[in-house]
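Chemist: Generate the whole structure from the sequences, applying the supplied hints.
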Amino acid sequence: MTASALAGTHSQNSEDPRVSARIASETRQDWVFRWLLFGAATLVLVCLGAAAISMLVGGRLAFQTFGWAFLVSDDWDAVEKHFGAFVPIYGTLVSSAIAMLIAVPVSFGIALFLTEIAPTWMRGPVGAAIELLAGIPSIIYGMWGLFSFAPFMAAHVLPWVRTHLAGIPGIGALFQGPPLGIGMLTAGIVLGIMVIPFISSVMRDVFRTVPASLKESSYALGSTTWEVVWNVVLPYTRSAVLGGIFLGLGRALGETMAVTFVLGNAHQLNVSLLMPGNSIAAAIANEFTEADSEIYLSSLIALAFLLFVVTFIVLAIARLMLRGLERKEGR
Amino acid sequence: MSARVRPPGYRRRRGVDLLAKTLGVLATVFGLFWLVWILYVTFRTGIGALAWRTFTEATPPPGMEGGGLANALFGSLVMSALGIAIGAPIGIAAGTYLSEFAERRPVWRETIRFVNDILLSAPSIVLGLFVYTIAVRPTGHFSGWAGGIALALIVLPVVVRTTDETLRLVPGMMREAALSLGVPRWKVTTQILYRAAAPGILTGVLLGLARISGETAPLLFTALNNQYWASGLNSPTASVPVVIFQFAMSPYDSWHSLAWAGAFIVTLFVLVLSVGARAYLLRNRIDSAA
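If you're matching them up, the sequences are chains A and B in order. When we follow our numbering, the leftmost residue of the first sequence carries the number 1, and every step to the right adds one. When we follow our numbering, the leftmost residue of the second sequence carries the number 1, and every step to the right adds one.
Keep in mind that the hints were calculated from the coordinates and are not lab data. The structure presented is a predicted model; accordingly, all values stated were derived computationally and were not measured. A virtual CB, placed ideally from N, CA and C, is assigned to each residue, including glycine. Please note that a few of the clues may not be correct.
As the list claims (entries may be wrong) - Just a few of them, taken from the derived set where beta-carbon distance is under 8 Å, the chain B residues facing chain A: (1) ALA27; (2) ASN116; (3) ILE134; (4) GLY214; (5) THR216; (6) ALA259; (7) ARG283.
What the hints assert, rightly or not - The calculated lysine to any residue pairs, modelled on SDA-like cross-linking and capped at a C-alpha distance of 25 Å, are: (8) B:LYS21 - A:PRO211; (9) B:LYS21 - A:ILE102; (10) A:LYS81 - A:LYS215; (11) B:LYS21 - A:TRP121; (12) A:LYS215 - B:ASN284; (13) B:LYS21 - A:PRO125.
Modeler: Here's what the structure looks like:
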């Protein structure tokens, strides 16, 4: 029932002018309140729209000057004022790809553990501990990555990678170069650790929505736990699981601080994952306050616009796929 | 047992099942391993670097020994408070609209929910850059205000979502009972629904605070940094995360150690806040109280 309908029924019954005056003022207050709230909600929409437009306007100069070459050129020369986004785009995509290669199977394993394997008393605390990973600020990941993880990689992991993987024809080129510790591989691994809690908590939540009767029917036919998960749980939750993966990908693409610490901020294109690289977010974080020309600034904002568009698309796909889950839970 | 006839492929199926379970356990151990490593390094190094002057002295100039983080701690405090003061009321209002007042505009409601969810995981560096173009460029200088606005943009979607979800859990009977007494809707909302939903909304605000207290990227080009005490909200303001970033990337050992002290303070604060907020919610949930 709405406020105006309420006010209507009242005014029919009351002859007293004080009562109808009060009802009129309350109706007015309701009207004001409703529009205030409407304005606040619309502001959410305006924020996102205004962010997109301001990026587009700020980056227009770069897009106009360089055209499509901005996307494919690997030039990044502040002196000659020539900017191309290929190296940061490449770095963002490659580091996110490494992150997903690690995070997706691990998250699936964790969700499997938390819903099917672990004894019930263990599920709450272990799940909370994994979610704690999402609570650690990204700057802490960056510091730990720079001071603990990168030296560890340089001392123990990368020499092994170099001796065993660099010789393989084809993919060997990915693993050549000095074991610096900082670089694409390290950044990808740190990113992977950071998105594990996001993906695993979505997977765990959707696995829980599978009706017990479905799983029990499968168990009754003699399925093992793995067969129930593979043949019943996963097909039932497929779109939401993909949604969770895209959610993690969206996070990985836009992650800034941790990557900035361990990526090395190099504007050369390197095939090797052991070499320093750059990413869109890291380039902006490192260079924005140093940008000394209008076109430099505009190129960085254009980079941000690209990042914004890509993450928007990825996150929109994620949300659309997770929509089905919300409907399922509501049923 | 041994006399039982086993179906064909039984051994292989059991083997696959065991392998999957083992991998599941290993994946969980893998996840927890990083948590322990990161927290161990942060806490051990951070506590070692902590001193009384960390809280009393301002950040030191390059290459100088000593100094603390007092100005950065204060700046973080002020800008986080500003972020909450701007973001939380707007977020609560927007969440209330979505849950209570949007029944006649379902498409609009779903669009805003959708956009809010995207804003929730949008890259914070892009939001910082957005605030740079609306609050720093026009005024011509970096400021604490801009930092606060950038943080408010991160608090906003968190509060919108928790408010929306919590209000939807309030039983419809409460609304109907109040409305049937002739109470206007704004009073029903502020005096009855908010009272029932208070723990959930407060949790949302606390989680928002936990998120912004560690945020660095949105402050880089809004509040910038300041080696000294900020002279007001109109001047560049130091914050702990940005100081950590600057000091950790520097070549000085004394700066590294201050960065670790800051990292320890931020991590402890964020973890206590987010764990505390969740524990508080568990104890005061609407469905458990009703």
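Chemist: All the hints need checking, so say for each whether the structure fits it.
Modeler: Status of each hint after checking the structure:
no.: 1; hint: ALA27; in the structure: holds, 3 Å
no.: 2; hint: ASN116; in the structure: holds, 5 Å
no.: 3; hint: ILE134; in the structure: holds, 7 Å
no.: 4; hint: GLY214; in the structure: holds, 2 Å
no.: 5; hint: THR216; in the structure: holds, 5 Å
no.: 6; hint: ALA259; in the structure: holds, 7 Å
no.: 7; hint: ARG283; in the structure: violated, 15 Å
no.: 8; hint: B:LYS21 - A:PRO211; in the structure: holds, 21 Å
no.: 9; hint: B:LYS21 - A:ILE102; in the structure: holds, 18 Å
no.: 10; hint: A:LYS81 - A:LYS215; in the structure: violated, 62 Å
no.: 11; hint: B:LYS21 - A:TRP121; in the structure: holds, 18 Å
no.: 12; hint: A:LYS215 - B:ASN284; in the structure: violated, 33 Å
no.: 13; hint: B:LYS21 - A:PRO125; in the structure: holds, 19 Å
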